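Number of protein chains: 2
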Amino acid sequence: MGTSEFDDASALRGSGPDFGAVLDGQWDGQGGTNGGFLLSLATRAAGLVLPFPDPLVVSGFYLRPGSPGPAQVRTEVVRSGRTTGFAQAGVYRDGKEVLRATIACTDLAAAAARGGQSYADGGPPGLPPPEQCQELKAAMAVPITLVDRLEYRVAELPFWLTGKPPSGTPVYQGWIRFADGREPDLLALPLFVDAVAPAALELGLHHVTTVQLTVQLRARPAPGWVAFQTRTRFLADGYLEEDAELWDSSGRLVAQSRQLGMVLR
Amino acid sequence: MGTSEFDDASALRGSGPDFGAVLDGQWDGQGGTNGGFLLSLATRAAGLVLPFPDPLVVSGFYLRPGSPGPAQVRTEVVRSGRTTGFAQAGVYRDGKEVLRATIACTDLAAAAARGGQSYADGGPPGLPPPEQCQELKAAMAVPITLVDRLEYRVAELPFWLTGKPPSGTPVYQGWIRFADGREPDLLALPLFVDAVAPAALELGLHHVTTVQLTVQLRARPAPGWVAFQTRTRFLADGYLEEDAELWDSSGRLVAQSRQLGMVLR
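Quick note, the sequences are listed as chains S and Z, same order.
Going by our numbering, the residue at position 89 of the first sequence is 89; the numbering climbs one at a time, nothing skipped.
Going by our numbering, the residue at position 237 of the second sequence is 237; the numbering climbs one at a time, nothing skipped.
The set of hints was computed from the structure by calculation and includes no laboratory data.
Keep in mind it's a predicted model, so treat the numbers as computed, not measured.
Accuracy of the hints is not assured; some may be wrong.
Under 7 Å between C-beta atoms, here's a sample of chain Z residues computed to sit facing chain S [as the list claims (entries may be wrong)]:
no., residue
1, Arg100
2, Ala120
3, Arg258
For each residue, glycine too, the CB sits at the ideal point set by N, CA and C.
Just chain S, same shape as in the assembly:
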């Protein structure tokens, strides 16, 4: 047993390169296991086979929906260099691959110690502090177990909780953290970027599935709430991108992600 719901649910058995896991049905979105959760699982496995402490950038392609039950994570060390290691991790259910991920790892503490120039064009979303925000507690038609593992706070409730029509502006902002008090770390960030409802719901879309998701991990998050902003800028021919930014409680950018989503009919 781990020390939190997330660590329990993403625990890996074995010594590699192949690991055993159990998808416990508690991290599911509309279409099966949350894609961010699966990517976190693959990222954890990569960390076990590479001699670097921190994931730096992870990319996952979603091949099939994930479903509750026993799973395998099969890893391959692609290259282990001086500052960066690369691994591949496939997540399998019933012998079928549901996620193919590639992960680069490094030592972000060493990178921070080397320092260097900084630049930021933009900052965290302009949100009231979490205690002045509203809890986003979804009363949904379809049970989405994922939202019970997390706590969300928003300045403005989305249309699907107020009965209003979609706003036409596909941007969501708010605060997120684990419901059980586990602090965020780099492994949690691939989950967090994908744990928010698709901003494209605000365009009137109902079902969007992820084809591919890339997450850049930019710094180890400080304890506390994580601020998120997700946004879609372009939708055409049934495809859209969604970008997410995560900022830790110290106001630092800790992750940037982009996914390609496909509208389901």
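With chain S fixed as given, assemble chain Z onto it according to the hints.
Relative to chain S, chain Z alone:
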């Protein structure tokens, strides 16, 4: 022989899953073979082993610098579904893997025929037409063969051609096309997103290498010039993202990319 410099240089021999190629030294940037060119090569190989005509999203991890000489592209069909196929492609030089790529393919013409809702928050960069722009012809200290394969037009010359100091604004905009008149297609777009000098040069950085690059292919480009915009928003601890957008001559978004770059010392 193909019909253009690009098609010749990215030609693949064999019937798969492993293909032969030759890196001819004519698509090189500061640190070896251009990363976008290598990703185009991997994307071409994926198209040969999947029953879908169009790349949809490609992700590449850069393991080692590419150099001129014989190369291999080893592919694996990861899954071939109803609307989307997934393949992996590794590019090898001297038996060592330089790029590990994953590629999703689909039929974008069929997607366009299905149609659906559209949304765009933003459009092509506000550039004068190419004939009113200046040719960007680099007289560089280091020979970068890539820039002789392409033609660039810009509204404003970058600081490294005018002798001014870096602007501090890491954004580049302009027009791009093949120098030999070959029209753009989806295979050219992974090259184009990475064929522009890093916008972070405008921050005073000198050497940036790509760790990972994801390219979303959003539509088959119309003939003619392609408008590009590249931009970096966040640099810290030696890492930065660079986003690129490509727009075809009809004003349509045809590609969006994001890369994680690492500052070299």
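Inset, instruction - Under 7 Å, Cβ to Cβ, is where Arg258/Z needs to be relative to chain S, so tell me if that hint holds or is violated. - result: holds (5 Å)
Legend entry - Satisfaction of the Arg100/Z interface hint, Cβ to chain S closer than 7 Å: holds (5 Å)
Legend entry - Interface restraint verdict for Ala120/Z against chain S (beta-carbon cut-off 7 Å): holds (6 Å)
In this structure, every one of the numbered hints holds.
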